[in-house]
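Trainee: Position chains H, P and B relative to chain Z; hints supplied.
There are 4 protein chains.
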Amino acid sequence: MAEIGVGVIGLGRIGAFHAESLRNRVAGARLVAAAVAPPDRERLLAVGAAPCALVDDVDALLATPGVDAIVVASPSSLHHEHILRVAAAGKPLFSEKPIADSVAQARDAVAAVRRAGVPFQIGFQRRFDPAYIRAREYIAAGSIGTVEMFRGITCDRIPPVEFLRTSGGLFWDLAIHDFDAARFLTGDEIAEVHAVGSIEVEPRLAEFDDVDYGIVTLRFASGALGVCQASWRAPYGYDIRAEVHGSLGKVVAEVDEKIPTRLYRDGGMHVERHDQFTERFREAYTAELQAFVDALQTGRAPSPDAADALRSVEISDAATRSRREGRWVRVGE
Amino acid sequence: MAEIGVGVIGLGRIGAFHAESLRNRVAGARLVAAAVAPPDRERLLAVGAAPCALVDDVDALLATPGVDAIVVASPSSLHHEHILRVAAAGKPLFSEKPIADSVAQARDAVAAVRRAGVPFQIGFQRRFDPAYIRAREYIAAGSIGTVEMFRGITCDRIPPVEFLRTSGGLFWDLAIHDFDAARFLTGDEIAEVHAVGSIEVEPRLAEFDDVDYGIVTLRFASGALGVCQASWRAPYGYDIRAEVHGSLGKVVAEVDEKIPTRLYRDGGMHVERHDQFTERFREAYTAELQAFVDALQTGRAPSPDAADALRSVEISDAATRSRREGRWVRVGE
Amino acid sequence: MAEIGVGVIGLGRIGAFHAESLRNRVAGARLVAAAVAPPDRERLLAVGAAPCALVDDVDALLATPGVDAIVVASPSSLHHEHILRVAAAGKPLFSEKPIADSVAQARDAVAAVRRAGVPFQIGFQRRFDPAYIRAREYIAAGSIGTVEMFRGITCDRIPPVEFLRTSGGLFWDLAIHDFDAARFLTGDEIAEVHAVGSIEVEPRLAEFDDVDYGIVTLRFASGALGVCQASWRAPYGYDIRAEVHGSLGKVVAEVDEKIPTRLYRDGGMHVERHDQFTERFREAYTAELQAFVDALQTGRAPSPDAADALRSVEISDAATRSRREGRWVRVGE
Amino acid sequence: MAEIGVGVIGLGRIGAFHAESLRNRVAGARLVAAAVAPPDRERLLAVGAAPCALVDDVDALLATPGVDAIVVASPSSLHHEHILRVAAAGKPLFSEKPIADSVAQARDAVAAVRRAGVPFQIGFQRRFDPAYIRAREYIAAGSIGTVEMFRGITCDRIPPVEFLRTSGGLFWDLAIHDFDAARFLTGDEIAEVHAVGSIEVEPRLAEFDDVDYGIVTLRFASGALGVCQASWRAPYGYDIRAEVHGSLGKVVAEVDEKIPTRLYRDGGMHVERHDQFTERFREAYTAELQAFVDALQTGRAPSPDAADALRSVEISDAATRSRREGRWVRVGE
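Residue numbers (my numbering), protein chains in the order written: chain Z, 11 to 343; chain H, 11 to 343; chain P, 11 to 343; chain B, 11 to 343.
To be clear, the hints were calculated from the coordinates, so they are not data collected in a lab.
All the pointers check out, no bait thrown in.
Identical copies look the same in the list; a pair holds intra-copy or inter-copy alike.
Okay, derived cross-link-like pairs now, DMTMM-like style, lysine to aspartate or glutamate, Cα gap no bigger than 25 Å in a straight line: (1) Lys268 to Glu282; (2) Lys101 to Glu91; (3) Lys268 to Asp285.
The shape of chain Z in the complex, shown without the other chains (with noise of 0.2 Å):
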């Protein structure tokens, strides 16, 4: 099968690691260029850190001879506009979530996309971590029985906040993991959302109306209910965990220790925790990409889709307008 070349827009946090994989990690890829803005690429040149070829601006990534696809890593802010960008040229695309600042935006990128005709991927990495995938197998094959009850809680270091004032709030950025979690365990749709939240850690999210601590009750198509805790406090290290209730049995996915070796001392014992969800979910970011690429190989359609992507924004403006209305909100309202 032929090999498939990838360009990359932004080389950030994420988009470093993405262009990490790609280079060294996934099978059949090839990283051929990132687009990133001349300050950055001035910086990466002068401490020799470019994986790759760099240029620019999408236009020339995207003009790059050898460059199949294109993998989305740049500011949340962008990513409605290069959707668009890279749909209107035709090219396979992954994009990390969420995929527009609004729902009329998303709306509007997930319909480029379907015009284009182009493969997509959302960046939900928990689908291809070996711990839900797992989850979903005891579930999917009623070893739980009916679900009855989700609970996940995301907790993560609060990024700066200027990055947290384009970010879409808490449940666009952080929470959106858990929405999409528990779409993809329970194999359920949330219908309606109920959401509350308290500023704990920066003050300075009153400004744009913004929390760091947030509880979403969800109830679920089917009528059953859960519940989405997410705060931007992990001064343990970065903590999720997912939680399935079924008439039969109940499946948690959780890590608890960051590397299976035990300290015993001092009179306890004592394990270490990923600090980062970059160590946590390692090889799931690995796994989505390689994943995106083998799908273009074989030309099978890429998943989570357009639709997972879209549906996951929708819930997380419903969480946000639900949190500042003070009442219960339809997803898709």
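Mentor: Using the frame of chain Z, we list chains H, P and B on its own:
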């Protein structure tokens, strides 16, 4: 210190359990007699299962020589009446939760206890469980910094629907333990609640507007958030977990093994779990009675007290109303 | 059933612990008196720590009215003498391990007990610990198939060297618990042993040819192998673990948490561990006395019995000789 | 840095695994060709499973253009011969363990490698496993103080008896990993060993004086003790655990979950375990090849090296002789 003679009202599951503890495991206590309705009395006597002298009713129990204090373990719907009777007789009393069927009656019961000036303890045994005690100690010592979010979950096997019909519902009967645990662990007050429920297990609950799954979002007086999940579904055994997130860390209390014996077979590792709350909290049930007896012997006021009993009922009531009315309800509103 | 009046010989650490259990937690038992040497008696009385009437010596204890049975908790070097005295008085007795300083004296003690026909139980409390009981149940039920290998390890804090000087050494005092556990769990006999030791903790052990680390390879009568590790070093708390490998699986008994409360801080998860064996086996120590009292009340023979007591000493002796002579030693050789 | 062209000798289980790693996951390496015996070649080609060009024998592989370095993954009994051939050709080589069938041949192989001055790495992949690396880091940092006792255990499914017949036996083939891990973790040398074995799984092992269960007591140069247990029995999956006890604490490396997904059902909790060492050490196998390639590219000497390879064989030999002769054997005696 003089031995405390104890009389028990009711020898159902928890009453019989308390009687057995008092007889065998509570230092300084003497189980004197129990009040049971005549049919139950005949049954107990027939099988030789009476743990002590049996009398017909509360009046007879209060009149039994040597009965210094009373344990109220009658059906929940009789707690209010029995508390009034014991208080009127001037006897110290330990009562199972909830103390009444309604907030009005609960206030009435608490007022009666205060008027009588009798020592009173409410049966929140988690406060005597080593896991909860240690979690509170960590929190009180500042190990997790400022409390920023709480989460409790309790899953138990569903009791007979006839029991549930008079139990006050899921929040009064089951979630009440997490409401109290939230207060105990955080040292904060639950100010308002937002609840939702669903029926997954027992369709007949709809007849009396009850649910078997519930999620209650909490807002504490400090502004911190919390969530309690409760369900009448525990196919793998009694299941509880408490998590408290703070500015410096997180504390989790959960028992995942009934017995620290692990069986490796068939490609995996298996551990057994507690089947019943009487297994999980066996020691805590003894410890709470021991604390009650110790308090009586030393003249200290027992704890948790009537105010805790009342608050838990007010939260349960607020959650029930929130669920039915679909809105935030202030506790004590 | 009539209450059993119990007298305790010795109120050192384990004697005081047993006395407290008998007074507060063992149903059907009444703690009548304890024999303690006059200086200890004065000390106990001075601080108000006498749990019962105190008498001067074993003869006085045996003559105390109401003393139906005896718990031997004197220093190990006196066990033999005290067992002979109690047996001669025709009283049932529970003795701490080891029953003697030498195999010859142990045989003598067992013969005396048998001659007197008195019920006898040896203090191997692990047989009453839920983890060991459940492990044995799994094995007896065939859950791991045929037993093929055993491994036990026990690490404890080092006692004062003066205590060790008369204790019989590491294998007599510490590893003896794993020797008995190996027999209890596997249902097999230890046929021969090969032992080695080293001194890492306390150089003065060399004065009396003792060691503080030891490894004993076992060969069972069935031909299966095993290994016991023991050390007087446990900086992180009392540490034991048993593993039994079989043709179909493996069973492991180990307590890794003192309390099921986990603290997440500073990049890791921390759990506390048991500090002392009296914490780890608190319930088992009560349960073994309860079993002894129950046996006396029902006329059943107590277990583990004199044969178990003797066998454990024979294995300890074989291990000690193996270590000193650098060769395999048959148990009972 | 120039890409390293790699040739692989042997495409059995581990050879095929290495070839796949080199092709897809090792940066800076290019899989050029593999030498396989003609019948295997036909089979691989027939099913389209050849990962690269196939040649008939080692000479052809060494003569293949672009082959800069060799991975020796032939049957153990051919390692010695292949190492000599590759060294004679002046190529850097990575060899699976053990490097020879006898200590004499191992010394011969190591001498040949040294004479040729070619870079050499031995395949002890545990040294590249995060759990073992972290354990060593803790120990090297003094977290457990002075090392006082080691314990390793490795249980695996039994290979075909015909493989075992030429494998050198349980200690050469399986326990050798723990011997090396003991050296790696403690930083100490194993000075002498005392071994015992039994046959529980495969009676035909008696035909060539091998065993399927073995226990090896170790004495390190420092005087500290250790024990390695090994068995060809792992009905619940591949099972390894390392424990190092020190004056200040203990470190344990063990993976108890294949995937951090826990299923609660039927009164218990279940987790899956790794089935094969290729699952457990999947990343470590890649990491060791990556380290080899990195060393070649940077001119550093690879590690673990020929001295480590030789020492592991000397220990395996000493253990085998100890078991057969029933005595302590000094390593290298």
